[in-house]
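Going down the list, the sequences are from chains A and B. Taking the numbering used here, the leading residue of the first sequence gets 4, the next gets one more, and so forth. Taking the numbering used here, the leading residue of the second sequence gets 4, the next gets one more, and so forth.
What the hints contain is simulated information worked out from the structure, not anything from laboratory work. Fair warning: there could be bad hints in the mix.
If you want the footprint, here are the derived chain A segments under chain B, 3+ residues with CB under 8 Å [what the hints assert, rightly or not]: (1) 104-115; (2) 222-228; (3) 271-283; (4) 321-329.
Which residues of chain A face chain B? A few of them, derived with a C-beta cut under 7 Å, are [stated by the list, open to error]: (5) D39; (6) V41; (7) E312; (8) R313.
Backbone N, C-alpha and C define an ideal beta-carbon position, used for all residues, glycine too.
2 protein chains.
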Amino acid sequence: MKLKIKQKVLMEHLNYVIKGISNKNLIPILNCIKFDLVKEGLYLMSTDNEIAIKTFIDAKEIDEIDELGDMVVSGKYIYDIVRKLSNEIINLEEIMSSQLLITTNTSSFKLNCNNVSDFPKLDLEFSKNPLVINQQAFKTSINQTIFATSTQESRPVLTGINFKIRENKLECTATDSYRLARKEITLDSFVDQDINIIVPAKNLLEVTRLLNSEEDNLEVHIFTNKIIFNFNSLIIMSRLINDSYPDTNKLIPTEFLVNIKVNLNNFYNAIDRASLLTSEEEKNIIKLESKGDYLLISSNIPEIGTVEERVELETKIDENVKISFSSKYMMDAIKIFNSDEIEIKYNGEIKPIIITDGQSDTLLQLILPIRTY
Amino acid sequence: MKLKIKQKVLMEHLNYVIKGISNKNLIPILNCIKFDLVKEGLYLMSTDNEIAIKTFIDAKEIDEIDELGDMVVSGKYIYDIVRKLSNEIINLEEIMSSQLLITTNTSSFKLNCNNVSDFPKLDLEFSKNPLVINQQAFKTSINQTIFATSTQESRPVLTGINFKIRENKLECTATDSYRLARKEITLDSFVDQDINIIVPAKNLLEVTRLLNSEEDNLEVHIFTNKIIFNFNSLIIMSRLINDSYPDTNKLIPTEFLVNIKVNLNNFYNAIDRASLLTSEEEKNIIKLESKGDYLLISSNIPEIGTVEERVELETKIDENVKISFSSKYMMDAIKIFNSDEIEIKYNGEIKPIIITDGQSDTLLQLILPIRTY
């Protein structure tokens, strides 16, 4: 393998594949990036067996291709070296004793390489009928749900986002069993068969970090044990969580005692301030009470002090219902809405609290109240 | 105590005094801020017994002074509460059972207060003949030396910066015994008596963070056991380290075998790249060799690879001298120069390496080489 390439071009693509490498991995080959130089251009690949990322630099973007070939080098080192080189032409060349020689006018690095044959074989073949989704819409859907996934490995199924596809609807659901986030988007075409899969949240996070176009689409190829995302010059594969997702529909109440509309910012800021006098050990509990034409939000830490916040209501409500919940969960849930107003619906402390933008049900947030009264 | 004040005004001054509070302090009163409302305005004070900060808000900046008095409240809570209140008028009022009531149109906080009499008595009287120094010049001097202080509490004397004042010169010296930084500034007036004190680095860091004027001066009042800085509306007191500072002058060689001038950025970037192939456990050692018309900087980690960097010299040198040093210390030392070029002088691996800007000796950096050849 021998080529000349601009630092800026190579760096852009190293920035993609470095996200497929976990520095904590104890298996050295999984900390590596594979370079594969063919006539058409340069492929870079990384994988930690949970996620795989493959990117392609077209030959037109490469200054000179002198000798085809493939090499496997430490991802961390090649990334840091190229990052610190100035924006000029970099020579990359395989030399004796399987080393990668990286040179510029003033710098010369020799990096020991791993065996190409030890690098995992990646099956990144596409399916015949991928879903086609607008990048921005997909990214927003993930961002609006991912925070509600569980980080506890004790219930792996909850560490992923559930994708349910039926006809032309994709429903993304995340829950950690204390709260739930659900977003529905409409696809351009219909699927033949219903799909119900669980994608690890941490892999979806990497996908959304790499989505950078507002207009372009991404292709989603779904298989029984993996999902492949294809956009720009990138192919990202994630394994699926092989389990069945809990039926979350039955958790969502359909009738409510209280139904209020509030200004999102006023409500968020009031909760944010009230949460100053809560303790994390006690789940940041705050109380909410409807008082006719305003909401009263309150909290206290006995040894420190007390707080009361008022949020004006646009429509007076008659029911005086008290409810308590985690201020952290409420803030997580409401900050992902883009609307000026939100609708909060609840039945006291027995059943879940539901938050929507009051206009549609395509984005729904659910929080379990905490019984204190 | 009862007053009305704009959030923005109070926040600016809370931002000052919060720096006098260490959250790790186990003595509750040292985590507090004292409010003292007098006819002329509002004083805010904090201290952790190592540093004390006092700021003053003139009555003209206060919307209403209704009742004079003083109160002591938790610094963390009052700071966070005021920070999260919107930019409007805040009412502060002492209420029954020694609580501070903080209200706006929509928010109402009650904070339990501490006993005013438990708050440390601060003697912040000024001396008769303070040093007067330009704020920017003082801040630069501290920034150019503070990184060389030791963070190890085993030799407390090295955790401070040595201020030596003689005639109209202030010399700031910092060393952790592996490297040394020294900066001299010329004062506007002469001192009657030589001064030689050690000021804790962490307190100087807080002082420099609060210095924000390029033109204005600060007053420095020096006592046997404390130093007081006065600038803008602020008074900051730091205790001194009560010990004698090592005589560092004898460490600085006066004759050199090699004397080279290099472009600062080129040299810095070459070392930065070479340090990629060093290990922190081995003090990030890199090698430097003079090769006639260029410098060769090299390093390696056997299992990873090797690096060689060239830095062009403007003037050819005859001596081929090899030397090794910590790349981290060298980068720390050279990045604080403002010049395009730096001068590096050394005698091989026996004696210290000296770095200056080649123009004057008012800023000098010293690094001990590491014997490897």
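Hints, verified against the model:
1. 104-115: Since 7 is at least three, the answer is holds.
2. 222-228: As far as the stretch 222-228 of chain A goes, the hint is violated, because 0 residues have Cβ atoms under 8 Å from chain B.
3. 271-283: With 6 residues in contact (Cβ-Cβ under 8 Å with chain B), the coverage given for the stretch 271-283 of chain A holds.
4. 321-329: violated (count 0)
5. D39: violated, 21 Å
6. V41: Since the shortest Cβ distance to chain B is 25 Å, the answer is violated.
7. E312: holds, 5 Å
8. R313: Holds, because the Cβ-Cβ distance from R313 (chain A) to chain B comes to roughly 5 Å (cut-off 7 Å).
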